[in-house]
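If you want the building blocks of each chain, they are given just below.
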Amino acid sequence: MNWISSNLDRIIELTISHVWLTLVPTVIGLIIALPLGWWAHRWGRGYAAIVGTSSLLYTIPSLALFIILPVILGTKILDPINIVVALTLYTLALLVRVVADGLSSVPHDTVAAAEAMGYRNWQRLVLVELPVAVPVIAAGLRVAVVSNVSIVTMAALLGIPQLGSLFTQGFQLRLYVPLVTGVVLCVVLAVIFDGLIIWLNKLLTPWRQRTVTS
Amino acid sequence: MNIIGWFTDPANWAGSGGIPAQVGYHLLYSAIALLTSLAIGVPLGILIGYTGRGEAVVAGFANALRALPTLGLLVLLFLVISPVVAGQLVFVLPTIVVLVLLAVPPILTGTYVGIQSADPDAVGAARGMGFTKSQILLRVQLPCALPLMISGVRSATLQIVSTATIAAYLGLQGLGRFILDGRAQADFAEMAGGAILVALLAIVLEMSFAWLARIVVSPGLRRTASKSTSLVATTVPAAAT
Chain A
1 MNWISSNLDR IIELTISHVW LTLVPTVIGL IIALPLGWWA HRWGRGYAAI
51 VGTSSLLYTI PSLALFIILP VILGTKILDP INIVVALTLY TLALLVRVVA
101 DGLSSVPHDT VAAAEAMGYR NWQRLVLVEL PVAVPVIAAG LRVAVVSNVS
151 IVTMAALLGI PQLGSLFTQG FQLRLYVPLV TGVVLCVVLA VIFDGLIIWL
201 NKLLTPWRQR TVTS
Chain B
1 MNIIGWFTDP ANWAGSGGIP AQVGYHLLYS AIALLTSLAI GVPLGILIGY
51 TGRGEAVVAG FANALRALPT LGLLVLLFLV ISPVVAGQLV FVLPTIVVLV
101 LLAVPPILTG TYVGIQSADP DAVGAARGMG FTKSQILLRV QLPCALPLMI
151 SGVRSATLQI VSTATIAAYL GLQGLGRFIL DGRAQADFAE MAGGAILVAL
201 LAIVLEMSFA WLARIVVSPG LRRTASKSTS LVATTVPAAA T
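Taken in order, these protein sequences are the chains called A and B.
Quick note: the first sequence uses our numbering, first residue 1, plus one each step.
Quick note: the second sequence uses our numbering, first residue 1, plus one each step.
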């Protein structure tokens, strides 16, 4: 316990950079996945191509991707931007498909009703289809953010500071306290982000609660 | 950083630390872990799928495991196990345990969901034809479950292969050696070489599983298979570690 109090500043610092390295790629990934997923939903061929590419991308181990990206991007190996790009790619690979499936899950009647009410294409997408697809997208986002919290720790093997650095420190010093602190903080972060998305999902789809209670 | 130079240097292809040897080690650890996971996951999955008990426990366990960072788990098990066992086993045992821990949930899930989602009409027809319970399981439910089982084993394999890379951190052989030794010596070509080999290995395995699914799965199931695999892909998005 002494270790925690004497290293509190560093733990807080590592936690903050961990939060950034997790959240930034998740949000960017989601923003890119929305138009791409819509495109895949509209064109069947696009769907096959995107599902194929994304599942192949998803198979590349993160540690390998962290090292291959600097070759492609021309960045330094220790640059955290590599981690951000790698996790954005993973998030994108996961969410493109989820967004496409979510949009396809919107009942045909709902789409037809919106059309009959005179919604234009983009209005129908933004005001009707996207909100109805929110629960499906949220479910995918939960998986993405929880895996991202855990994948970020791999960057410790390259020496990029975040909570994973506590694992390598624990290994080097053969100490349980930094190690367990790191694992617990990772799980806490995952639970918080997961809960945040559940809460946002409820906030964005108020009609679902009403139908459940009535 | 001369990555092509690293690949074409004959010295990197020979000896106990060469590329073929490390690929061999990598596949050896992965195979041990996969076989162990299959031995645990498939019978347990059949049991759960058959009795319909314990699903909630498995689903909760699989979700909790996703939140646990693999690297932390690996080091933690190493610290726990290392005082108990001696020799080379200190490094091998925690690695295999972690790999198995990660690989069992997708295999288990693929198996029990596969068995449960076997077409009830097909099961009913088999019963009507006088099949015994074990015949129904072996000749109807298991073949019907095959697409989802293969998809689960595929997830498990990719998870194992990518996590086996990290095992080098504890001092084990395998492709992760190139990445971590390269890091230690600031030899970027070696790091990138190792990373490319790991990525290639994962992609080759992914493609072999796609091919395997195509030849093993009964033609009658193919149309529904593509649908149900996408279902598992969203519930158990595997690799990426």
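Quick caveat, the hints were computed from the structure, so don't treat them as lab data.
It is possible that part of the hints are untrue.
Non-contacting residues of chain B with respect to chain A, defined by C-beta distances greater than 10 Å in every case (computed) [stated by the list, open to error]:
1) Pro-69
2) Ser-162
3) Val-217
What the simulated footprint calls covered on chain A by chain B, stretch by stretch (three residues with Cβ under 8 Å from a Cβ of chain B suffice, anywhere in the stretch; the number is not a length) [what the hints assert, rightly or not]:
4) 8 to 17
5) 73 to 79
6) 153 to 164
Glycine included, C-beta positions come from ideal geometry on N, C-alpha and C.
Hints versus structure:
1. A cut-off of 10 Å between C-beta atoms contradicts the statement that Pro-69(B) is not in contact with chain A; the least separation is 4 Å.
2. Listed as a non-interface residue, Ser-162(B) fails to keep its Cβ farther than 10 Å from every Cβ of chain A; the least gap is roughly 3 Å.
3. The beta carbon of Val-217(B) is kept farther than 10 Å from every beta carbon of chain A, the shortest such distance being approximately 18 Å.
4. For a cut-off of 8 Å, the count of residues in the stretch 8 to 17 of chain A with a CB near a CB of chain B stands at 0, and the three-residue condition is violated.
5. Under a criterion of three residues with beta carbons nearer than 8 Å to beta carbons of chain B, the stated coverage of the stretch 73 to 79 of chain A fails, only 1 such residues being counted.
6. Only residues whose beta carbon comes within less than 8 Å of a beta carbon in chain B count, and the stretch 153 to 164 of chain A has 8; three or more means the coverage holds.
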